[in-house]
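Next come the chains, spelled out residue by residue.
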Amino acid sequence: MVIKLADNIYSPLGATTWENYQAVMAGKSALHQYTLPDGSLYTASLFPEEERRDDGYTFFEQLCIASASDAIARAGIDAASQRVQFILSTTKGNVHLLAKGESERALLGTSAAVICRHFGNPNPPIVVSNACISGLSAQIVAMRSIEAGLCDTAIVIGCDVQSEFIISGFQCLHALSPDPCRPFDKDRCGLNLGEAAATIIYGKGKEGWVAEAGAMCNDANHISGPSRTGEGSYRCLQALDIDKEQLAFVSVHGTSTLYNDEMESIAIDRAGLAEVPMFSLKGIYGHTMGAAGVLETILSMQAVEHGIVFGTRGYHELGVSRQVNICAYHCSTNKHSFVKLLSGFGGCNAAMKFSYNTSIDHTNTITYDPSIGTISSIRISPTADELVELYRTNIGDYPKFFKMDPLSRLGFVATELLLKQCSKADYGILLFNRSSSLADDIAFQVTIKDRSNWFPSPALFVYTLPNIVTGEIAIRNHFQTETNFMVLDAPRANIMAAQIAIAAQYGPQIAGWCDVDANGNYLAALVAVPQHTAKETIEQELNKILK
Amino acid sequence: MEELILKLKKEIIEVLNLEDIKPEDIDANAPLFGAEGLGLDSIDALELIVLMEKNYGIKLQDPNQGKEIFKSINVMADYISKNRTK
Numbered sequence: 000m001v002i003k004l005a006d007n008i009y010s011p012l013g014a015t016t017w018e019n020y021q022a023v024m025a026g027k028s029a030l031h032q033y034t035l036p037d038g039s040l041y042t043a044s045l046f047p048e049e050e051r052r053d054d055g056y057t058f059f060e061q062l063c064i065a066s067a068s069d070a071i072a073r074a075g076i077d078a079a080s081q082r083v084q085f086i087l088s089t090t091k092g093n094v095h096l097l098a099k100g101e102s103e104r105a106l107l108g109t110s111a112a113v114i115c116r117h118f119g120n121p122n123p124p125i126v127v128s129n130a131c132i133s134g135l136s137a138q139i140v141a142m143r144s145i146e147a148g149l150c151d152t153a154i155v156i157g158c159d160v161q162s163e164f165i166i167s168g169f170q171c172l173h174a175l176s177p178d179p180c181r182p183f184d185k186d187r188c189g190l191n192l193g194e195a196a197a198t199i200i201y202g203k204g205k206e207g208w209v210a211e212a213g214a215m216c217n218d219a220n221h222i223s224g225p226s227r228t229g230e231g232s233y234r235c236l237q238a239l240d241i242d243k244e245q246l247a248f249v250s251v252h253g254t255s256t257l258y259n260d261e262m263e264s265i266a267i268d269r270a271g272l273a274e275v276p277m278f279s280l281k282g283i284y285g286h287t288m289g290a291a292g293v294l295e296t297i298l299s300m301q302a303v304e305h306g307i308v309f310g311t312r313g314y315h316e317l318g319v320s321r322q323v324n325i326c327a328y329h330c331s332t333n334k335h336s337f338v339k340l341l342s343g344f345g346g347c348n349a350a351m352k353f354s355y356n357t358s359i360d361h362t363n364t365i366t367y368d369p370s371i372g373t374i375s376s377i378r379i380s381p382t383a384d385e386l387v388e389l390y391r392t393n394i395g396d397y398p399k400f401f402k403m404d405p406l407s408r409l410g411f412v413a414t415e416l417l418l419k420q421c422s423k424a425d426y427g428i429l430l431f432n433r434s435s436s437l438a439d440d441i442a443f444q445v446t447i448k449d450r451s452n453w454f455p456s457p458a459l460f461v462y463t464l465p466n467i468v469t470g471e472i473a474i475r476n477h478f479q480t481e482t483n484f485m486v487l488d489a490p491r492a493n494i495m496a497a498q499i500a501i502a503a504q505y506g507p508q509i510a511g512w513c514d515v516d517a518n519g520n521y522l523a524a525l526v527a528v529p530q531h532t533a534k535e536t537i538e539q540e541l542n543k544i545l546k
Numbered sequence: 000m001e002e003l004i005l006k007l008k009k010e011i012i013e014v015l016n017l018e019d020i021k022p023e024d025i026d027a028n029a030p031l032f033g034a035e036g037l038g039l040d041s042i043d044a045l046e047l048i049v050l051m052e053k054n055y056g057i058k059l060q061d062p063n064q065g066k067e068i069f070k071s072i073n074v075m076a077d078y079i080s081k082n083r084t085k
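Read top to bottom, the protein sequences are chains A and B.
Taking numbering that gives the first Met the number 0, I'd label the letters of the first sequence as residues 0 to 546.
Taking numbering that gives the first Met the number 0, I'd label the letters of the second sequence as residues 0 to 85.
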């Protein structure tokens with residue numbers, strides 16, 4: 000079974016998991032109020048300004064290294080081993096460097112390689128950048144990679160730091176609360192942002208915390224608005240095969256926005272879990288984005304070990320339509336399993352189930368179908384104008400295409416062309432690239448460059464996550480299964496094929512490379528992969544189309 | 000007012016990337032949101048809030064105000080003419 004070997008939380012509330020757990024139990028929070036350039040107020044959980052230095056390593060990398068170092072020491076593993084895989088979960092990494100005109104170090108793969116090199120690890124790191132569910136997506140990737148024998152140990156680091164880029168983006172979406180947030184409360188009025196690094200290390204074993212199951216499902220509804228029926232989150236919960244009598248709690252996303260909390264209450268009620276105690280940690284840490292899934296999983300494990308269900312800081316009176324069981328105060332439990340639930344932009348949702356010292360073997364078996372010898376593929380490398388022409392000539396019935404950022408346009412057109420060659424199915428989507436959403440990031444940065452002309456664009460900001468392209472494809476085709484996005488330092492067919500083959504264990508996949516770089520070079524090289532396709536078959540095809 | 004309506008149509012086409020739509024294609028009385036009319040969505044509404052502030056100096060604190068103001072081009076133009084500061 001895949002078990003947790005060690006962990007760490009490095010946040011404004013403490014430098015270890017234990018310090019953070021004690022702070023949560025004591026009802027502490029690092030939320031403070033700050034002011035944006037336009038004079039509007041927001042509340043966030045941030046590290047002190049004097050700690051925020053980019054020397055040698057950037058502040059983001061320093062946090063990742065500090066958190067991972069503590070966890071690695073506790074696990075007693077050799078991080079430089081070839082059998083260890085680093086997986087970084089982040090949405091925006093060093094995006095603040097764009098304001099200084101530095102785009103190379105702002106690339107997630109570049110920064111991940113710097114972190115990996117610090118520990119002397121020889122394997123190219125995988126960055127999971129799947130919006131707010133990144134932390135769970137990364138843990139699911141870690142769990143599956145160990146099960147498939149790709150590595151013996153996976154070090155999952157979740158981290159995001161806040162910057163004017165991110166804060167102004169959420170502000171222009173009118174998603175920020177000026178005051179401490181109030182998850183699920185009738186008076187909630189938006190989220191607080193937070194920053195933290197958290198590391199969880201997984202390996203094989205029989206005792207301790209078991210990563211039992213994980214699921215990701217897309218709403219296929221809207222790129223920034225949650226589903227009104229909680230579709231993706233509901234499907235994730237269904238997929239986990241939960242016995243609610245065994246559950247200590249559901250550790251929910253609970254961002255404190257009007258629509259997220261309402262959506263989660265619907266999903267939990269539909270899944271028959273309305274009576275199960277639940278809490279949100281956002282009133283303590285704010286929304287730590289790429290760190291959230293890791294940080295909140297680790298704290299939930301601490302809670303179960305100490306027989307505690309956390310209270311939801313900021314919650315007083317139920318303000319969602321379903322009668323869900325939000326814990327206002329810390330209370331006790333004698334159960335040993337919990338579910339962690341998250342949802343994010345791009346319509347993605349994820350849930351994982353963890354159990355402490357379970358006697359049931361939860362190892363998922365891997366099966367490949369050797370009869371699948373050939374798979375469909377497509378490669379396009381158009382200019383921006385040629386891409387529009389491809390759309391007009393071959394598709395032409397989706398005006399929303401023109402609202403998309405360059406990366407989404409590329410992924411959308413390539414998928415449309417690929418699907419013309421394939422049989423219909425509810426495909427999962429797993430895309431990789433090097434540049435993340437850089438082209439759109441640069442466009443958004445322009446809107447906040449000049450203080451006298453400071454008008455951050457909501458339409459640009461929503462595309463500053465690379466996984467939005469997977470959401471656009473899911474919406475167009477009503478794909479409601481897994482969607483995920485990974486960033487690598489280069490198009491590496493072997494790593495991509497291995498991850499696509501693992502994802503294809505759970506269903507057919509549209510997968511491959513989809514990149515728009517800072518110079519406007521477009522390349523999409525995608526494959527359509529039936530369920531249970533072997534890695535070798537995928538790698539062979541990827542090698543052909545990536546050249 | 001006619002001048003403002005035409006200017007507004009051009010601005011909306013540009014800022015919302017309404018490809019293949021010309022100002023004369025937009026009925027100033029038709030709803031901007033929903034299946035009829037231009038079929039705009041919630042992100043477009045937020046972008047219109049930015050447009051109001053950037054081009055006309057009108058700051059809407061509550062996005063819900065937009066539901067009334069962005070009913071149609073005519074309603075929007077009327078609101079702008081009464082409240083603009085630039």
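Please keep in mind that the hints were generated in silico from the structure rather than gathered at the bench.
Heads up, some of the hints might be wrong.
Unchecked claim - The list that follows gives simulated cross-link-like pairs (lysine to aspartate or glutamate, EDC-like), each with its CA atoms no further than 20 angstroms apart:
1. B:Lys21 / A:Asp449
2. A:Lys185 / B:Asp61
3. B:Lys53 / A:Asp242
4. B:Lys70 / B:Glu1
5. A:Lys399 / B:Glu2
6. A:Lys399 / B:Asp61
7. A:Lys399 / B:Glu1
8. B:Lys8 / B:Glu35
9. A:Lys399 / B:Glu10
10. B:Lys58 / A:Asp396
11. A:Lys399 / B:Asp19
12. B:Lys58 / B:Glu10
13. A:Lys399 / B:Asp77
14. B:Lys53 / A:Asp396
The hints, checked one at a time:
no., hint, result
1, B:Lys21 / A:Asp449, "violated, 31 angstroms"
2, A:Lys185 / B:Asp61, "holds, 17 angstroms"
3, B:Lys53 / A:Asp242, "violated, 53 angstroms"
4, B:Lys70 / B:Glu1, "holds, 17 angstroms"
5, A:Lys399 / B:Glu2, "violated, 28 angstroms"
6, A:Lys399 / B:Asp61, "violated, 26 angstroms"
7, A:Lys399 / B:Glu1, "violated, 29 angstroms"
8, B:Lys8 / B:Glu35, "holds, 17 angstroms"
9, A:Lys399 / B:Glu10, "holds, 18 angstroms"
10, B:Lys58 / A:Asp396, "violated, 36 angstroms"
11, A:Lys399 / B:Asp19, "holds, 12 angstroms"
12, B:Lys58 / B:Glu10, "holds, 17 angstroms"
13, A:Lys399 / B:Asp77, "violated, 28 angstroms"
14, B:Lys53 / A:Asp396, "violated, 32 angstroms"
Checked against the numbered hints above, the structure breaks hints 1, 3, 5, 6, 7, 10, 13, 14 and satisfies the rest.
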